[in-house]
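> Assemble chain B onto chain A, guided by the hints.
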Amino acid sequence: MKIAWKEMKKNKTRFLILGSIIFLVSFLTFIISGLANGLSQDNAALIKKLPQGQFYLDKDADKTYNLSKIDEGVQQQIFIDNPEATAFSVQMGFVNDAEDKQHSLAFVTSTDSELFENVKEGEIVLDRSLQEDGIQVGDVLTNNQFSGEFVVKGFVDQQKYSHAPVAFIAMTNYQEMYRVMEMQTIFIPGKDAPTLSALDSFSNKEFLHAIPSYSAEQMSLNMIVWFLVIISGMLFAIFFYMMNVQKIGLYGILKAIGMKTISLFKMIWYQMLVITAISLVLSIALSQAFSFVAPEGMPFHLTMDTVWMLSAVFMVVGFIGATISGFQVKNIEPLQAIQQGEM
Amino acid sequence: MSAFIIDEVKKTFSNGEIEEEILKGVNLSLKEGEITALIGPSGSGKSTVLTIAAGLQKASTGEIMFEGKDMTKMSQEEVRHIRATDFGFVFQSSHLVPFLTVAEQLQLMLDVSETKTSKKEQVKAIDEMLKLVEMEHRKEAYPSSLSGGERQRVAIARAIIHRPKILFADEPTASLDTNRSKGVMELLQELTRTLNLTTLMVTHDEEMLPYVDRVITMRDGYIVE
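Line by line, the protein sequences are chains A and B.
Here the first sequence is numbered in the UniProt record's numbering, starting from 1 and rising by one per residue.
Here the second sequence is numbered in the UniProt record's numbering, starting from 1 and rising by one per residue.
So that you can see chain A by itself, here it is in the shape it has in the complex (with noise of 0.2 Å):
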């Protein structure tokens, strides 16, 4: 692959240019990909923070874990089947600072377990983001259906829900807040999980689209970050497609000479693969910076998995536009080709 390399060698611009739009087409992709993953994290970081098994609601919530409510018998009976089980609530609320200032937040109680902070009554355990709006740990917050007061005793990283920040509070505190005995749901950790008569069960990606809103979102979010990846890969294959019809000339030259069919092609995938390595790496890594350098209240939230995962996309349609333009190339004759080049 001498002959392929010494090109990218002799005709830097060319190649540069080329490279530069795919590292900008894929930076782009990769910043959206990003805020779209960091927006989903904001919406259900609490849920898709929990291992997988399984969610159960009560039947007639409809599907809809604000409607569900379990009964005190069928919990206690499915805890002693199941030591594992958690059940836990969650609402939407507010508390008040020392000095009156509201705070959104998604309060979340739970039975005992690892999966939860437990707090005692009277005590509150934040997301890390309230302590960046001021809140310090032994601060007083007050809400207006809660007869006592909350000493604020730690925080914990990313753990939001409804984009609003999680506030983990003790099981009688929220009966009292929300005047209701029932937890909401159960979840049982572990691949086998039982199926429960009594209760409609959901796996950790159906639940997640129990939450109010989150199908919405992610569909949107998803069908922009889709778009994009579809554009960028026919962009990226029209790219290798015009660059390698407007070297015909020059495969003219190297069919008429006697050189292989595979050694074009060859040719032709090695200085695809190279270019999009390379700008790949520069946008992976750009991408990645972004994510220290993002403003604090923008959700940016971008996993190598995800990286990844677009990276094969596009060395996937980066191949196939530079292996359309190699059969353009390969059913040519030398001298139609060559005649080509010219013009």
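Hints are computed from structural coordinates only; laboratory data are not their basis.
It cannot be assumed that every hint is accurate.
Unchecked claim - The calculated lysine to aspartate or glutamate pairs, modelled on EDC-like cross-linking and capped at a C-alpha distance of 20 Å, are:
| no. | chain 1 | residue 1 | chain 2 | residue 2 |
| --- | --- | --- | --- | --- |
| 1 | A | 266 | B | 77 |
| 2 | A | 330 | B | 78 |
| 3 | A | 10 | B | 104 |
| 4 | A | 10 | B | 140 |
| 5 | A | 59 | B | 78 |
| 6 | A | 9 | B | 78 |
| 7 | A | 6 | B | 104 |
| 8 | A | 330 | B | 77 |
| 9 | A | 260 | B | 140 |
Said to hold, decoys possible - Here's a subset of chain A near chain B, in silico, CB distances under 10 Å, partners left out:
| no. | residue |
| --- | --- |
| 10 | 7 |
| 11 | 8 |
| 12 | 83 |
| 13 | 163 |
| 14 | 255 |
| 15 | 260 |
| 16 | 261 |
| 17 | 335 |
No residue lacks a Cβ here, since even glycine has one placed at the ideal position from N, Cα and C.
Frame of chain A, contents of chain B only:
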């Protein structure tokens, strides 16, 4: 003995519904160690004969016999293999690979022809070939820095570095002045003799005819002389 025979070759081009017969049955045989020149007015079909003979485009009908085998019956891969190992081609405007140096152009041809010699021997062969065409001093130069005559010398060197049996040259002196044209023809003549090549060239320049062994005249798709 004829090394290469073209028998009743016809070529028709279609342009929409209009079909134009460019070659109307061409018969020609080439001999080893000889330069054969195809001459004739523009549009007479001489370049078409040359490119069909060299396997750069297909004939519509007829036979092209090389070493007893009909090239028109061969697969694309078989024709490519012949182009890579047994044929050399000099184009009218040299058509060197723009991003390779003079030495690399020759190395590319050795690689393409899958010449089974050591790297050291290949380097020696390239040096000798460049000396033969008097281009050893421009070994590391790129085509863009060469004059027209120099480019054509390199193109000739590339066409014969792998020791082909037949050399095809399409108006190799068309883009050169008279002195340079004569230099290129002297070189072709010398190489044909010393390497025992079979050379078929197209020219419209009658001043080049003293350098060839045989002249064939074409008109309107036929050989007339």
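> All hints, please: hold or fail.
Against the structure, the hints come out as follows:
1. 266(A) x 77(B): 17 Å, holds
2. 330(A) x 78(B): 15 Å, holds
3. 10(A) x 104(B): Measuring from Cα to Cα gives roughly 13 Å; hence the hint holds.
4. 10(A) x 140(B): 14 Å, holds
5. 59(A) x 78(B): 73 Å, violated
6. 9(A) x 78(B): With a Cα-Cα distance of about 33 Å, the restraint between residue 9(A) and residue 78(B) is violated, given a limit of 20 Å.
7. 6(A) x 104(B): 10 Å, holds
8. 330(A) x 77(B): Within the cut-off at roughly 11 Å; holds.
9. 260(A) x 140(B): 26 Å, violated
10. 7: 5 Å, holds
11. 8: Where the cut-off is 10 Å and the nearest Cβ of chain B is about 9 Å from residue 8(A), the hint holds.
12. 83: 71 Å, violated
13. 163: Since the shortest Cβ distance to chain B is 55 Å, the answer is violated.
14. 255: 8 Å, holds
15. 260: 7 Å, holds
16. 261: 8 Å, holds
17. 335: 4 Å, holds
Checked against the numbered hints given earlier, the structure breaks hints 5, 6, 9, 12 and 13 and satisfies all the rest.
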